[in-house]
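Peer 1: Model the full assembly from the supplied sequences, consistent with the hints where possible.
2 protein chains.
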Amino acid sequence: EEVAKLLELKAQLGGDEGRHQFTLKTAKGTRDYNPKQMAIREKVFNTIISCFKRHGAENIDTPVFELKETLTGKYGEDSKLIYDLKDQGGELLSLRYDLTVPFARYLAMNKVTNIKRYHIAKVYRRDNPAMTRGRYREFYQCDFDIAGQYDPMIPDAECLKIVHEILSELELGDFRIKVNDRRILDGMFAVCGVPDDKFRTICSTVDKLDKMSWEDVRSEMVKEKGLSEEAADQIGQYVSLQGGMDLAERLLQDAKMSQSKQACAGLTDMKQLFSYLQLFQVTDKVVFDLSLARGLDYYTGVIYEAILTQTGPVPVAAAQNGAGEKAEEGVSVGSVAGGGRYDGLVGMFDPKGRKVPCVGVSIGIERVFSIMEQKAEASAEKVRTTETQVMVASAQKNLLEERLRLTAELWNAGIKAEVMYKRNPKLLSQLQHCEDSGIPLVAILGEQELKDGVVKLRTVHSREEIDVSRAELVEEIKRRTSDV
Amino acid sequence: EEVAKLLELKAQLGGDEGRHQFTLKTAKGTRDYNPKQMAIREKVFNTIISCFKRHGAENIDTPVFELKETLTGKYGEDSKLIYDLKDQGGELLSLRYDLTVPFARYLAMNKVTNIKRYHIAKVYRRDNPAMTRGRYREFYQCDFDIAGQYDPMIPDAECLKIVHEILSELELGDFRIKVNDRRILDGMFAVCGVPDDKFRTICSTVDKLDKMSWEDVRSEMVKEKGLSEEAADQIGQYVSLQGGMDLAERLLQDAKMSQSKQACAGLTDMKQLFSYLQLFQVTDKVVFDLSLARGLDYYTGVIYEAILTQTGPVPVAAAQNGAGEKAEEGVSVGSVAGGGRYDGLVGMFDPKGRKVPCVGVSIGIERVFSIMEQKAEASAEKVRTTETQVMVASAQKNLLEERLRLTAELWNAGIKAEVMYKRNPKLLSQLQHCEDSGIPLVAILGEQELKDGVVKLRTVHSREEIDVSRAELVEEIKRRTSDV
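Taken in order, these protein sequences are the chains called A and B. Under the numbering used here, the residues of the first sequence are numbered 1 to 484, in order. Under the numbering used here, the residues of the second sequence are numbered 1 to 484, in order.
Please note: incorrect hints may appear among the correct ones.
Since copy identity is lost for identical chains, a pair holds within one copy or between any two.
As the list claims (entries may be wrong) - Taking lysine to aspartate or glutamate and the DMTMM-like style, the derived pairs with C-alpha atoms no more than 20 Å apart in a straight line are:
no., residue 1, residue 2
1, Lys-86, Glu-138
2, Lys-68, Asp-78
3, Lys-426, Asp-151
4, Lys-53, Glu-42
5, Lys-28, Asp-84
6, Lys-256, Asp-186
7, Lys-36, Glu-387
8, Lys-68, Asp-87
9, Lys-256, Asp-196
10, Lys-208, Asp-186
11, Lys-28, Glu-475
12, Lys-422, Asp-343
13, Lys-426, Glu-91
Note that these hints are calculated values from the structure, not bench results.
Peer 2: Shown next, in the form of structure tokens:
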């Protein structure tokens, strides 16, 4: 026994072949998707892509790496999170950090001035991964953008309609879409007495209001950022405001706010936006919230962010996934979508600085995946990882050839069919495979069935069996699996 | 006029803002996919994925980069083509070179011993790109593999059936699938008097027979690789042989060949394979060809490769895409699929060296894309890049709100609808957009229609218009676009 233990230990230590020891892992912050995760991912993508197509969007794709200089100067201090490729001679390259900058590069390079496109692809950030909370270094982004010079707020309203449709269809629970405008924020800062050169840094502090108390935010403004107490308190008044079109109207009459041209432009557009949202019947979920700031520098107009609000099993998952930190798209706790208007980015790429106004939205798809995975985990229903409709089986020996012949007939008729790769598998193991992978039907062949020109068609869940003539088998399988 | 010209020149040189000059390009050997290319790509993927699902395959995904050591020692001298990431602290990483090695790593890491999976993703090779011939540094691979210990040749036959189905459905023209076996090749080398240590290098030379004459191959064997003339001539006898099950039977009786145990094992399996292929009714396209060698070292049994054979517009494209060089999957001229059995690769990753036998096939999807693109180019039919069913339009002014309201109604009913983002677009420009993007229907709103509770539904190609009541509009659109 002692010897057996020692041999086992030796085997664990690598066997006696002196084999090179690999580190069996994926790179830090990355993961494989197993078939179950892929099945959930496919379902989520289908819902989202259907919505994008319903709105007439085209699809584009860009390379996973860009020239390093293409990404330079677009992400502020987050640039340190960009993955660079090794200099192996030739161009200096970096992995894409998001899909927005490659999109702007694409528009400028191809002189595209009008497009409504979606792009679903992986992006890369050398962030400190918190994988148990659904934060990775390789993750999907799922972007929809409308580029082009149009009448104000119509494409912007469509983006919000899309968020509303997708979040409703994914059934993630109740949600709110917060809306604000960079011009309103800047106008507010101006009339509250924030010096021009402090707009961006004060904006970043305001952006923390979704996970810090006002007291802490105020303290950061005054103590760290050197803002006067009066200015901070005036900002505090405004950022506590929430409402709809009525709030925009009220602020247009506000003695201080109305002094800022920028704020007035933003507020007028906000009114317009809400009028379109009413036509789209989505105002139940949308709230004009002056505390919404969003991190990225490139926004120039309306900004928005969707959060899940429901308490219960689902939001617990959501909270776990982002508690106390920013989500992968640079949005806040519980956030599942975000975006806004960026009218200057394409111009940064155009040699003549020609601007192409853009507005877009990014669905926080990794958050959605982990919520869906937890829902699937909690649900009694099993996630199928194949779509197989029928297993071609046999209870008797020496029928491999007949099984293969029938399976090929079914494949050729477009039926999703499996057959065991064994000469003489046990019927029980064939039925067990159906149970395990949710295959609803079994087509059983035996000597008698072959003689009679029939197949015994078994329904897995009810164990019912009926003889079906070979000629009618395909139609019968289609009829019984029409909901698959 | 001179001044205007100078100003234009100045503008071309970058304007007067001293803007940073970006190099507006994608990285060498990479490309963007525009909406038209994406539409073709989606169609090809759908065909292939449907086939994989019909055969009960699951889907997995792995990260775009792996630990560098995971890829080390798997690709022979092609390792120099691997992209490394810059050492930014932490692990040393490389971009994946194919999907097979990550698959083997996945199986070993997760102790998976049985799986039928497909994986469609981009891989990276620092090759000398020949983009006009469809060769890129970033390209798709499209792999289907069956892992597990099964009775001989059943999964192998299914892989060939899959190639047959996919190439038939893609309508790329006539094709042949060449089959051989590494054990037959090795046995043949042994009985022809090739020294053991020259098997791999002579095998590489034989692999060139699809693009070099026998004389040149013979000369390389003798002059460069130092093989005896007698051995070379004996090989020459064998590699000219082509056939089916009959050829396998004949070689089993061959005085020399039958001396090799390995060759006999391979030939017996080849007979078995052909018997299954007969049941699958695919022997019309499959040929047992002793000149097929394939480059990769890790194959241990059956190997195969599909080539397009048709002359005419399609093969011209195929030839252009790979003339005189290897295709992206390491296969030969005109090759559109390839694969084989690799029973040892997973064991290289397992700490205890446990083997998981695998057989798989890779579809040469980039070749397929470029053939499909050329077919689309040559065809009169326009490739649609959206699926929009109806454009909500108006001939009169001030009906934006009514257009938006109707569009939202259609979206909510699942209709794919577009509306122009203008307050008062011209009817002509709305109709022109339909012509340009192939939208089949226009729902036209006017004061009279609104009063009557109807919509004028126009069929774009026939210019017919009928009034449809608002309540019946959704059904009528669905009815008319049921083939979309």
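Peer 1: Now tell me, hint by hint, if it's right for this structure.
Peer 2: We went through each hint and held it up to the structure:
1. In this homomeric assembly, Lys-86 and Glu-138 come within 20 Å of each other (Cα to Cα) both inside a single copy, at 18 Å, and across copies, at 16 Å.
2. In the homo-oligomer, the alpha carbons of Lys-68 and Asp-78 lie at most 20 Å apart inside one protomer (14 Å), although the nearest pairing across protomers, at 26 Å, exceeds that limit.
3. In the homo-oligomer, the alpha carbons of Lys-426 and Asp-151 lie at most 20 Å apart only across protomers (14 Å), although the nearest pairing inside one protomer, at 69 Å, exceeds that limit.
4. Proximity of Lys-53 to Glu-42 under the C-alpha cut-off of 20 Å is found in both arrangements, the shortest distances being 16 Å within a copy and 13 Å between copies.
5. In the homo-oligomer, the alpha carbons of Lys-28 and Asp-84 lie at most 20 Å apart both inside one protomer (16 Å) and across protomers (15 Å), since each shortest distance falls under that limit.
6. Proximity of Lys-256 to Asp-186 under the C-alpha cut-off of 20 Å is restricted to the intra-copy arrangement: shortest distance 13 Å within a copy versus 88 Å between copies.
7. Proximity of Lys-36 and Glu-387 under a CA criterion of 20 Å is satisfied intra-copy only: 12 Å inside one chain copy versus 29 Å between copies.
8. Taking CA atoms no more than 20 Å apart as the test, Lys-68 paired with Asp-87 passes in both settings, with 11 Å inside one copy and 15 Å between copies.
9. Within a single copy, Lys-256 and Asp-196 get their C-alpha atoms as close as 17 Å, which meets the 20 Å cut-off; across copies the closest is 90 Å, which misses it.
10. Taking identical chains as interchangeable, the C-alpha atoms of Lys-208 and Asp-186 lie at most 20 Å apart only when both belong to the same chain, with a minimum of 17 Å there against 68 Å between chains.
11. For the homomeric pair Lys-28 and Glu-475, neither the shortest alpha-carbon distance inside one copy (50 Å) nor that between copies (52 Å) is at most 20 Å.
12. In this homomeric assembly, Lys-422 and Asp-343 come within 20 Å of each other (Cα to Cα) only across copies, at 18 Å, whereas the closest approach inside a single copy is 62 Å.
13. In this homomeric assembly, Lys-426 and Glu-91 never come within 20 Å of each other (Cα to Cα): the closest approach is 59 Å inside a single copy and 47 Å across copies.
The structure does not agree with the numbered hints 11, 13 stated previously, though it agrees with the rest.
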